[in-house]
Amino acid sequence: MAVEVKIPTVFRKFTGNEATVELEPGTIADLIDQLGSRYPGLKEQLLAGDGELHRYVNVYVNDEDARYLEKLDTNVGEGDTVSLLPSVAGGA
Amino acid sequence: MKFKSILDAIGNTPLVEVPHLSPVDDVRIWVKLEGQNPTGSVKDRIALALIEEGESSGQLTKDKILLEPTSGNTGIALAMVAKMRGYRFTAVMPDNASSERVQLLKAFGAEVEFSPGDKGTNGSVAMAQEMAKDSRYYMPFQYGNPANVLAHYNGTAREILDDLPTIKAFVAGLGTGGTLTGVGRRLKEHDSSIKVVAAEPELGELVYGLRSLEDGYIPPIFEPDILDGKVKVRARESILWTRELLQREGIFAGISAGAVIWVAQRVAERLSKDGTGGDVVCLLADGGWKYLSTEAWTQDIDTAESQVEETLWW
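Protein chains in written order, with our numbering: chain A, 1 to 92; chain B, 1001 to 1314.
Calculated directly from the structure, the hints in this document are not laboratory data.
This one's a predicted model, so the numbers in the text were calculated from it and none came from an experiment.
Glycine included, each C-beta is placed from N, C-alpha and C at the ideal position.
Among these hints, one or two may not hold up.
Unchecked claim - The following residues of chain B were derived to be distant from chain A, with all beta-carbon distances above 10 Å:
#1 Ala-1107
#2 Gly-1173
#3 Glu-1202
#4 Asp-1215
#5 Gly-1216
#6 Arg-1243
Unchecked claim - Simulated pairs of lysine-lysine, BS3-like, Cα-Cα distance not exceeding 30 Å:
#7 A:Lys-71 x B:Lys-1188
#8 A:Lys-71 x B:Lys-1195
#9 B:Lys-1106 x B:Lys-1195
#10 B:Lys-1133 x B:Lys-1195
#11 B:Lys-1106 x B:Lys-1083
#12 A:Lys-6 x A:Lys-43
#13 B:Lys-1133 x B:Lys-1106
#14 B:Lys-1083 x B:Lys-1002
#15 A:Lys-71 x B:Lys-1273
#16 A:Lys-6 x B:Lys-1133
#17 B:Lys-1002 x B:Lys-1133
#18 B:Lys-1133 x B:Lys-1004
Only chain A is shown next, with the shape it has when bound in the complex (with noise of 0.2 Å):
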């Protein structure tokens, strides 16, 4: 089994449409090298300058932001589901 990678809308203009893409298991990091070698540009988007995430991109393990995790050395193990969702403002 692979790591599920669950792609958002404004996102799959560099993944031909697809929603799901399935990648290696590895850090949040090889996981992006991976999606930017597969889909040129992506991980460009993914990352900020400074080789962190952007900011106004959030990473999910199995549903924890990996932010509270190791960040981009987060390990992700087969059968684990990432999502990469952009933030959005809240309730209130």
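Based on these hints, arrange chain B on the given structure of chain A.
Frame of chain A, contents of chain B only:
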């Protein structure tokens, strides 16, 4: 309890244990019932704080019209406080907000401007910011006004510590970030080992269908570093646990409550595994009344899920 004005009845909400919802023996889960505030949500606290801050800074004068982007609760709370203090108020709200919210706003005498529902709360924020360029308006702006955070630092957090000084973790929903930032800051000053965890809604595809990343938004008052974790929760789990809260504990709360309970259960399991145990406090932002039209309690779960996802449930 006796009060001179409804405004004095804001806050000091009940903290109730929910023993049938804790997944482990050595962790107790407590819920702070913010639906017990006068207009039925936690937002009464910040509405009063925002208007008092505007008055004391001199920016809010009687000739101004209050203006605020809101998904409902803040608008309803501001409408009530505005009425009591003698201000006109215009709420900017997505057009897919539940009908109860629109009716409540109008009942309190507010005017409502609708922003496109498919742009979510981002759309309301953008529209209100544009309207606020007109000097007739005063926009407190809950997403950027420190009075929001202070209402929770001085009120909500103090109440929790008075009731439960041994608290080990706090869970609340993420909207403006005001609750988590204000409560989190005071709890960590009290005991830096207290964990502060956010529950975040996984909204429908439509809301995330932004044209570009540059439309993303992080509320200026939210301090992400105050959190120890952030967990996203789907509408389905939120509905299921909002129902369980009613079935097992007799508490009728809004749909975001289910998401907060779900995350608190994960936190409880972790505290138990660490051997820490202890008390977890959940802030339940509102009561269930404003969500009845979604049929979240009465339909089968699949229908309820799709009906809730079509409306603004957070």
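Structure-based check of all given hints:
Chain A leaves Ala-1107 of chain B outside its interface by the beta-carbon criterion, the shortest separation being 20 Å against a cut-off of 10 Å. Taking the minimum C-beta to C-beta distance to chain A, about 7 Å, the non-interface status of Gly-1173 of chain B is violated against the 10 Å cut. The Cβ of Glu-1202 of chain B does not lie farther than 10 Å from every Cβ of chain A; its closest approach is about 8 Å, which violates its non-interface assignment. Distance check on Asp-1215 of chain B: its Cβ comes as close as 8 Å (rounded) to a Cβ of chain A, failing to clear the 10 Å threshold; non-interface status is violated.
The beta carbon of Gly-1216 of chain B sits about 3 Å from the closest Cβ of chain A, which is not more than 10 Å, so the claim that it is off the interface is violated. Look at Arg-1243 of chain B: its CB is around 20 Å from the nearest CB on chain A, clear of 10 Å, so calling it non-interface holds up. At most 30 Å may separate the alpha-carbon atoms for a hinted pair to count; Lys-71 of chain A and Lys-1188 of chain B meet this at roughly 22 Å. For the given pair, Lys-71 of chain A sits about 18 Å from Lys-1195 of chain B by alpha-carbon distance, which is consistent with the 30 Å threshold.
A hinted pair counts as satisfied when its Cα atoms are at most 30 Å apart, and Lys-1106 of chain B with Lys-1195 of chain B does not qualify at roughly 40 Å. With a C-alpha separation of about 40 Å, the suggested pairing of Lys-1133 of chain B with Lys-1195 of chain B is violated against the 30 Å cut-off. Proposed proximity of Lys-1106 of chain B and Lys-1083 of chain B is supported: the alpha carbons are some 12 Å apart, at most 30 Å. As the CA atoms of Lys-6 of chain A and Lys-43 of chain A are separated by approximately 15 Å, the hinted pair is consistent with the 30 Å bound.
For the hint pairing Lys-1133 of chain B with Lys-1106 of chain B, the CA-to-CA distance comes to about 24 Å; that is within 30 Å, so the pair holds. For the suggested pair Lys-1083 of chain B and Lys-1002 of chain B, the alpha carbons sit about 21 Å apart, so the restraint of at most 30 Å is met. With a C-alpha separation of about 23 Å, the suggested pair Lys-71 of chain A and Lys-1273 of chain B falls inside the 30 Å cut-off, and the hint holds. As the CA atoms of Lys-6 of chain A and Lys-1133 of chain B are separated by approximately 39 Å, the hinted pair breaks the 30 Å bound.
For the hint pairing Lys-1002 of chain B with Lys-1133 of chain B, the CA-to-CA distance comes to about 42 Å; that exceeds 30 Å, so the pair is violated. For the given pair, Lys-1133 of chain B sits about 37 Å from Lys-1004 of chain B by alpha-carbon distance, which is inconsistent with the 30 Å threshold.
Taken one by one, the earlier hints fail for this structure at numbers 2, 3, 4, 5, 9, 10, 16, 17 and 18, listed in ascending order.
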